[in-house]
Amino acid sequence: MSPVLDIHDVTVAYQRKPVLWDVDLIIDRPQLVAIVGPNGAGKSTLIKAALGLIPMASGSVRIFGQSVAKVRKRIGYVPQRESVDWDFPVSVLDVVLMGTYGKLGWFRRPGTKERQWARECLGKVGLPDYEWQQIGQLSGGQQQRVFLARALAQEADIYFMDEPMAGVDAATERIIFDLLADLREQGKTIIAVHHDLRTVPQYFDYVALLNVRLVASGPVETTFTPENLKKTYGGRLAVLDHAAEALQTGSGVT
Amino acid sequence: MIDQLLAYNTLVVLAGVGLLGASAGLIGSFAVLRKQSLVGDAVAHAGLPGVCIAFILVGQRNLPLMLAGALVSGIVGMVVLALLARYTRVKEDAAIGIVLSVFPGFGCVLMRLIQNQFTSGSQAGLESFIFGKTAGMTRGDVYLILIAAAVCLAAVLLLYKEFKLLAFDRGFASALGWPVFALDLFLMGLIAVAVVIGLPAVGAVMMAALLIMPAAAARFWTDRLSKLLWLAAAFGLATGLIGTMLSATFDNLPAGPIIVLTGSAFFVISLLLGIKRGLIARWIVHVRNRRELRSLWRPAELDDERQTADPLPVALAIATDQRETPSQRHVTQATPPARRSTSRPWILPAAYSLAALLLAVWWLWRLDSWRLAQGEPRQLAYDLGTISIGIVGNAACAILGCYLVLRRMSLLGDAISHSVLPGLAIAFVLTGEIYGLPMVLGAMALGMLTSFLTQTLHSLGKVAEDASMGVVFTTLFAAGVIMLGFWGRQSHIDANCVLFGLIEFAWTTKVPLWGWSVPRALLSLIPMLLAVVVFVAVLWKELKIVAFDPALAAAMGFRVVAVHYLLMAMVAGVTVSAFESVGSILVVAMLIVPGATAALMTERLWSMILWAVLFGAVSATFGYLGAASLNTNVAGMMAVVAGLQFGAAVILAPRTGLVGKWLRQWSLAVRIAAEDVIGRLFREEERPRPVSGFPAAARSLREAVIDWLARWKLARRGYVTTSGGTLALTDAGRAAARRVIRAHRLWESFLETHFDLPADHLHEPAERMEHFLDEELQAEIDAELAGRTVDPHGKEIPAAKP
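Respectively, the protein sequence lines represent chains A and B.
The numbers in the working numbering rise by one with no breaks, and the one at position 238 of the first sequence is 238.
The numbers in the working numbering rise by one with no breaks, and the one at position 184 of the second sequence is 184.
Worth flagging that the hints you see were computed from the coordinates, not collected in a lab.
Cβ atoms here follow ideal geometry from the backbone N, Cα and C, with glycine treated the same way.
Be aware that a few hints might be false.
[Stated by the list, open to error] With a cut-off of at most 25 Å between alpha-carbon atoms, the simulated SDA-like pairs for lysine to any residue come out as follows:
#1 17/A x 663/B
#2 35/B x 86/A
#3 17/A x 61/A
#4 661/B x 54/A
#5 103/A x 35/B
[To be verified] What the simulated footprint calls covered on chain B by chain A, stretch by stretch (three residues with Cβ under 8 Å from a Cβ of chain A suffice, anywhere in the stretch; the number is not a length):
#6 152-164
#7 392-399
#8 515-525
#9 667-677
#10 735-743
#11 779-791
Let's have the full structure, built from the sequences with the hints guiding it.
Here it is as structure tokens:
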């Protein structure tokens, strides 16, 4: 069987300077995957590149053995909370309904069936009574849960989540992780950018340590070690930074 | 009065303007929600040259064709915006400012040419595209508007869900696999249709208001997109109807400004009374919340506790420590300073000014001899005088424009150039003077007021910044036009002059000064230029830090707000001084375009300012010369020349230009191809086997060309010799190839040592990286690898020297 996610030699460059460099990551079976690394390590970039939201300088991504464009309907996405305008005039239910848009096709509007399903998803994240609220009136943790509900409404098999725990209180964190564990039980894969190192061993099965390059990846028990963390967070190798600059300036030997 | 209202003509106009308001309100909602309010404004302005071109092509007034022309050039304007965003580092606000001013400048040039050509009074129709002329609306026009409104409505009904998600969360839409770019374009096209269809009725200047105000007003009443769309359409309809009725009732009021002010009234009422986000509603909620909070107050310690609750595992402590103080191994040596592109930064501007000067002298000479040949009188003094007025005005504008561009406030410059109008009117009423200090002071006050109102609406009324700017400046502009209409009739000021300027008369309009007769324009422009120079020189460091990092400036105790308002006042002062010469639309071109062009040429503030002044002077000179030769509008031509310079800089600028980028890409591709060839030859020598020459045939024309160039480069450098169709390395070639192979194997070894990569994933990255590791970096990696001589595949890493 082809792996759930196969990221092969992916490089993403900004003006030829790599922000994500030769990253290879294979997730061979459904599990909870944490992408961990310092600021500017390219964690969000990796997710966006995998989803085809930003162009790659080289490399390829296959999901369930197929190109991303072919399996869009099986992919769920939770963007960073800051990426949208929370003043936007939509209600909580409207946002969750957006999760059903992918399967609706052009011109069709969501109907009672979709509404019912969206309400169910809202119930799963513990916000059943909020459906008519304007999204800006929710707390940060609630907004995060609305985004999660929207992803649930997508009924995907693999979810990419960009910092689903950012600005979330402890209770909400529990709710979200219980939900993610549920999803895994149903055979889904979750790839989440995660900031809180302390909770990684507690919640995740698999970890990818990233600092522009992939430092290490593997099951949490064997990979989430002090040495690997030290490598990931201990500043980048000077050679790497210089090499990245060389790529940008285009220096060479001949 | 009732009869007048019910007259057939009035009914036609009512229907037309009402529909116009409704469709603009509907489509404008999306523009406002996507924070693109001012893009609509840019499109409205960009439509002008299209109208003129259509007129020239057909030779008579044909509304549908002229609108089609406006639509085409409006869309061209949008495409220019998109291209600038995609391929250059020009910021969005500057790009909008450029489209907003250069396109109408070109339109003015064409309009005057038309007036020269077609004397049959047919120009009448053209001016209405700027000011609007509801009275001339015919049934055919109304049908046209009806069709456009129907198209907009149908599109929004059909694509409601798509537009909604696009506006709310573009990334998510893109992740769903939607063609977001095509949807963007379609929505932009609809905005262009809604704008263009309104041009003849309310004019370019006022169309922005119809687009922005209904949606901004509706937002105060509802939190639902569907309701907001209907409400905005309804507000737009009501604005159009009431505005038209008002202007029909008091028939000395121009329709466009009255419609805008009606929209402003809706906006203000909504701002106060809107039940969802209106000020009063929010104040009530605020008071109630505060009361409840007092009884429910919980200390915020809970969160802090969570942060420090469980002790960090040792590993994490190390990790965090590491982050703060990188260990010895990672301490980077000071990175070498980036190589300067030019060692003598003054050469380029000097060469450019010299070339411009020579061309100008030659052109002037030709113009003069042509005039003599025609039997016209010599007027070199007039020529030079007008050019110098232009240069002084442009220089003052260009200097301040640099700061506007750097602070990404180009559009505030545009806004101020419109909104100073009431200041002029008030100053005139108070002093009876239309020139000189009172005007400048009035303008300065309005300039600061514009910035203040925009900011206040944004923070207090929670209106997006661009929309609040749009509301403020269109309102003030409309008020100014009406005030001038009332009071300015006896004076020389008329809106036309304010809009387009009359630099043609600037040299000959003289006033006495200490026994001399001095052109009035210079009398206001030279002190203004001096004031600007003094302002910038005295506040150099303050302006610099406030532009670069306002937060830091505030933390350091600089009066950020004071500096900001001073800058706004100066912009307003310069704007109004330049009005007389170039008018309000084109003053934006003088403010923004030179600064934006200069930003492409240099990375230093002082040299950016010098470049901007140079660009300003060149547009003044050649704007005048071009206009004099073609017998057309001088100010418009100046804007066109400024736009041309900008376009040339986008393409040719040494570091940022497209041509340079493209050449660098090609030369890199050729170098990589050449290095691949000698690398392959080196490996073949290393492990002899039948020589294969070039392996794969080139797959595309581009590759074939690169291949050919690579071989040519190798032969020219003497790296290879060809004998019997096979290539062989020369000694020099072998030395070069050795460096490439060394880079390749060093990188593989480096990756293997430091990263957890499978063995079959080392070659590909090294294949890319081998072309970029210079000798210094190779030595660095070598040191890091501590004397390793064999790469992960067991091959020898060639030494730096054989």
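To see whether the hints hold, each was checked on the structure:
1. Under the criterion of a C-alpha separation no larger than 25 Å, the hint pairing residue 17/A with residue 663/B is consistent with the structure, at around 18 Å.
2. Restraint check: the Cα-Cα separation between residue 35/B and residue 86/A comes to about 13 Å, which is no more than 25 Å; the hinted pair holds.
3. The suggested pairing of residue 17/A with residue 61/A holds, with an alpha-carbon distance near 20 Å, which does not exceed 25 Å.
4. Of the pairs offered as hints, the one joining residue 661/B and residue 54/A holds, with about 21 Å between alpha carbons and a cut-off of 25 Å not exceeded.
5. Between residue 103/A and residue 35/B the alpha-carbon distance is near 28 Å, which puts this suggested pair outside the 25 Å criterion.
6. A count of 6 residues in the stretch 152-164 of chain B with a Cβ less than 8 Å from any Cβ of chain A is obtained; the coverage claim is therefore met, three being the minimum.
7. Interface restraint, the stretch 392-399 of chain B with chain A: violated (0 residues with C-beta to C-beta distance below 8 Å; minimum three).
8. For the stretch 515-525 of chain B, the stated coverage by chain A is not satisfied: 0 residues place a CB nearer than 8 Å to a CB of that chain, which falls below the threshold of 3.
9. With 4 residues bearing a CB less than 8 Å from a CB of chain A, the stretch 667-677 of chain B meets the requirement of three and the coverage assertion stands.
10. Against chain A, the stretch 735-743 of chain B contributes 4 residues with a C-beta closer than 8 Å to a partner C-beta. That satisfies the three-residue criterion, and the hint holds.
11. For the stretch 779-791 of chain B, the assignment as covered by chain A holds, since 3 residues bring a beta-carbon within under 8 Å of that chain's beta-carbons and 3 suffice.
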